[in-house]
Amino acid sequence: MSGGLVVALFVALAALAPVLAPYEPLRGRLDERLLPPSTGHWFGTDELGRDVLSRVLYGARISLQIQVAAVGLALVLGTALGVVAGYVGRWPDMLIMRIVDIMMAFPGIFLALAIIAALGTGLGNVIIASAIFLVPQFARVIRGSVLTLKEKEFVEAARALGEGDVSIIVRYLLPNSLAPIIVQTSLRMATVLLTASGLSFLGLGVQPPSPEWGAMLSNARAYMITAPHVATVPGLAIMLVVLGFNLLGDGLRDALDPRLRE
Amino acid sequence: MVVYVLRRILLLVPVLIGVSLVSFGLLQLVPGDPALILAGEEASEEVLNRIRQEYGLNRPLPVQFLAYLRHAAVGDLGISIQSRQPVATLLAQRVPFTLKLAFLAILISATLGVVAGIVAATRRNSALDMAALLGSLVGISLPIFWLGLLAILVFSVKLRWLPSGGTGTLAHLILPALVLGAASSAVIARTTRASMLEVLRQDYVRTARAKGVSDRLVVYRHALGNAMIPILTVFGLEFGYNLGGAVLTETVFSLPGVGRLIVEGIFARDYPVVQGALLIVATTFVLVNLLTDVAYAYFDPRIHYN
Numbered sequence: 000m001s002g003g004l005v006v007a008l009f010v011a012l013a014a015l016a017p018v019l020a021p022y023e024p025l026r027g028r029l030d031e032r033l034l035p036p037s038t039g040h041w042f043g044t045d046e047l048g049r050d051v052l053s054r055v056l057y058g059a060r061i062s063l064q065i066q067v068a069a070v071g072l073a074l075v076l077g078t079a080l081g082v083v084a085g086y087v088g089r090w091p092d093m094l095i096m097r098i099v100d101i102m103m104a105f106p107g108i109f110l111a112l113a114i115i116a117a118l119g120t121g122l123g124n125v126i127i128a129s130a131i132f133l134v135p136q137f138a139r140v141i142r143g144s145v146l147t148l149k150e151k152e153f154v155e156a157a158r159a160l161g162e163g164d165v166s167i168i169v170r171y172l173l174p175n176s177l178a179p180i181i182v183q184t185s186l187r188m189a190t191v192l193l194t195a196s197g198l199s200f201l202g203l204g205v206q207p208p209s210p211e212w213g214a215m216l217s218n219a220r221a222y223m224i225t226a227p228h229v230a231t232v233p234g235l236a237i238m239l240v241v242l243g244f245n246l247l248g249d250g251l252r253d254a255l256d257p258r259l260r261e
Numbered sequence: 000m001v002v003y004v005l006r007r008i009l010l011l012v013p014v015l016i017g018v019s020l021v022s023f024g025l026l027q028l029v030p031g032d033p034a035l036i037l038a039g040e041e042a043s044e045e046v047l048n049r050i051r052q053e054y055g056l057n058r059p060l061p062v063q064f065l066a067y068l069r070h071a072a073v074g075d076l077g078i079s080i081q082s083r084q085p086v087a088t089l090l091a092q093r094v095p096f097t098l099k100l101a102f103l104a105i106l107i108s109a110t111l112g113v114v115a116g117i118v119a120a121t122r123r124n125s126a127l128d129m130a131a132l133l134g135s136l137v138g139i140s141l142p143i144f145w146l147g148l149l150a151i152l153v154f155s156v157k158l159r160w161l162p163s164g165g166t167g168t169l170a171h172l173i174l175p176a177l178v179l180g181a182a183s184s185a186v187i188a189r190t191t192r193a194s195m196l197e198v199l200r201q202d203y204v205r206t207a208r209a210k211g212v213s214d215r216l217v218v219y220r221h222a223l224g225n226a227m228i229p230i231l232t233v234f235g236l237e238f239g240y241n242l243g244g245a246v247l248t249e250t251v252f253s254l255p256g257v258g259r260l261i262v263e264g265i266f267a268r269d270y271p272v273v274q275g276a277l278l279i280v281a282t283t284f285v286l287v288n289l290l291t292d293v294a295y296a297y298f299d300p301r302i303h304y305n
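Protein chains in written order, with numbering that gives the first Met the number 0: chain A, 0 to 261; chain B, 0 to 305.
One chain only, chain A, in its complex shape (with noise of 0.2 Å):
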């Protein structure tokens, strides 16, 4: 459980982020270009003279918000496609798998592309390109474990006392659905920071000047070989975020499922 450790303390130092961090954000001093680590700015200063500590503190305000929206947009969505899916069968099955199949073959973070390069970017589209990103994986998941359920004789039971289909769906098969559906949403918490911060650094994704990681990184280019450290702390934050969500998603399915325990 030492991914549910690394993320809750994600969670708490993007919550206190305005308490904790030491200066603004997005004030920096021109005075104050490019500080190696000091104890007033532990971790450097970036080209602008700003905090780097305190825009990363920042930047996990936003790494959260990205996160959480388009992760419970996927949810949302996927669960709603992958229930009918799984659930009814038959063309609204051929039809949802087909389209599903159709997202998966723009690999990676191409999708994403794909969205941004007609919608724009800014926060708000990276977090509709990340979440229809996720939205054929979480669809498939759920169709998957509907499928299963859907034959187990606790539902024919109940169908065979009278319950109607979305009682059927809401009180057997979604909270039997839950085990796969927490461990999907830990773990594509983190594919989901990748695929935004990928779409920052490429310049397609949040803007300068905020303090979001893959455009910190994106800055920190330049200024590689003479102040390596604004890039440093940006990916590690990245790493370690996205490292507890894997942590935690790994350690979910082996609690709530032990069949896939080893």
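The reader is advised that the hints may include incorrect statements.
[What the hints assert, rightly or not] List time: in silico SDA-like cross-link candidates among lysine to any residue, alpha-carbon distance up to 25 Å:
#	chain 1	residue 1	chain 2	residue 2
1	B	K157	A	T225
2	B	K157	A	L34
3	B	K99	B	G235
4	A	K149	A	M96
5	A	K151	A	E162
6	B	K157	A	R32
7	B	K157	A	L235
8	B	K157	B	L169
9	A	K149	A	G123
10	B	K157	A	P227
11	B	K210	B	N225
12	B	K157	A	A226
13	A	K149	A	V82
14	B	K99	B	S155
15	B	K99	B	L169
16	B	K157	A	S37
17	B	K157	A	L33
18	B	K157	A	M96
[Claimed, not checked] Taking beta-carbon pairs under 8 Å as the criterion, some of the chain B residues facing chain A (in silico):
#	residue
19	L148
20	G244
21	V273
Hints listed in this document are in silico derivations from the structure and should not be mistaken for laboratory results.
No residue lacks a Cβ here, since even glycine has one placed at the ideal position from N, Cα and C.
Mind docking chain B on chain A? Use the hints.
What follows is chain B alone, placed relative to chain A:
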């Protein structure tokens, strides 16, 4: 087997049509008049009319889509707004590079991943196993663009072992391929470990051991062949993800691949280029997946596809 392959190829048709629809629909999703987007904001009405004529924008959408499909099928993907060159020509210059990079990356990560996975599985719960597991977790958690920056800093700037960008020799590709393949190595190592552990539990492996076959022979002759089957699928998937990761790698190392092309296309609002790049990358990914699935069916005689 032949029936299975034919069926898989037939199933590709709706996916490829869907992929074309997405890439075609991109221009329709952009807010505003497509002719204005293609011609630029300050275009005169006369130019706009010519563009509408040239691109067939005044026809109904389904007719436009059919025309798009017909042109794409013969390799006509339109003209780049920025360079006025055919998109197909631009792609022909850029795609081979990305394929080379992704292929080298999968080669490196397959080697690293399979070796690490075997070592971890045969020495289960040892320090080496723990190190491999931890290493693979870090590997899938690393932002590829950050890893690229660090690699340049260490291997190009500090140690001066390898060039930090540009093209020409194999040396130029090693660092980008290593960075691009890092996550794949991790995934392949995890899959190999799990698959080997599964196979090593099988009765025929126990029988081989009982007959006195040496450990080495059991692992490499008896177990590895069967363990490789699920790993094959992962190769195909990871190759696709490497195409995606190439967008970031090519940016970090300033490489002239299709990933860079699409990003530059988005910045320049050069939609024909973006559409063409999306279409070609998705088609490549779908074909690679088909090849791995067919290989899977070929190598696993237990599975019958009807």
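Status of the hints after comparison with the structure:
The suggested pairing of K157 (chain B) with T225 (chain A) holds, with an alpha-carbon distance near 12 Å, which does not exceed 25 Å. With a CA separation close to 20 Å, the supplied pair K157 (chain B) and L34 (chain A) stays within the 25 Å bound. Between K99 (chain B) and G235 (chain B) the alpha-carbon distance is near 15 Å, which keeps this suggested pair within the 25 Å criterion. In summary, the hint linking K149 (chain A) to M96 (chain A) is supported, as the alpha carbons are separated by about 18 Å, within the 25 Å threshold.
Proposed proximity of K151 (chain A) and E162 (chain A) is supported: the alpha carbons are some 15 Å apart, at most 25 Å. Taking the CA atoms of K157 (chain B) and R32 (chain A), the gap is about 23 Å. The hint holds against a cut of 25 Å. Proximity of K157 (chain B) to L235 (chain A) is assessed by CA-CA distance (about 20 Å); at most 25 Å being required, the pair is judged to hold. With a C-alpha separation of about 20 Å, the suggested pair K157 (chain B) and L169 (chain B) falls inside the 25 Å cut-off, and the hint holds.
Restraint check for K149 (chain A) and G123 (chain A): not satisfied, since their Cα atoms lie roughly 37 Å apart, outside the 25 Å limit. Note on K157 (chain B) and P227 (chain A): the hinted pairing holds, with a Cα-Cα distance of about 12 Å set against a maximum of 25 Å. Pair hint K210 (chain B) plus N225 (chain B) holds up; C-alpha atoms about 19 Å apart against a cutoff of 25 Å. Taken as a hint, the K157 (chain B) and A226 (chain A) pair is honoured in the structure, with Cα atoms around 13 Å apart against an allowance of 25 Å.
For the given pair, K149 (chain A) sits about 11 Å from V82 (chain A) by alpha-carbon distance, which is consistent with the 25 Å threshold. Among the hinted pairs, K99 (chain B) with S155 (chain B) is consistent with the structure: their alpha-carbon atoms are about 21 Å apart, no more than 25 Å. Under the criterion of a C-alpha separation no larger than 25 Å, the hint pairing K99 (chain B) with L169 (chain B) is consistent with the structure, at around 10 Å. Between the alpha carbons of K157 (chain B) and S37 (chain A) the distance comes to roughly 23 Å, so the proposed pair stays at or under 25 Å and holds.
For the proposed pair K157 (chain B) and L33 (chain A), the alpha carbon gap of about 19 Å is at most 25 Å, so the pair holds. Restraint check for K157 (chain B) and M96 (chain A): the C-alpha separation of about 50 Å exceeds 25 Å, so the hint is violated. The interface hint given for L148 (chain B) is met, as the beta carbon of that residue sits about 5 Å from the closest beta carbon of chain A, less than 8 Å. The closest approach between the C-beta of G244 (chain B) and any C-beta of chain A is roughly 6 Å, which is under the 8 Å cut-off, so the hint is satisfied.
With a cut of 8 Å, the hint placing V273 (chain B) at the interface with chain A holds, because the nearest CB-to-CB distance is about 5 Å.
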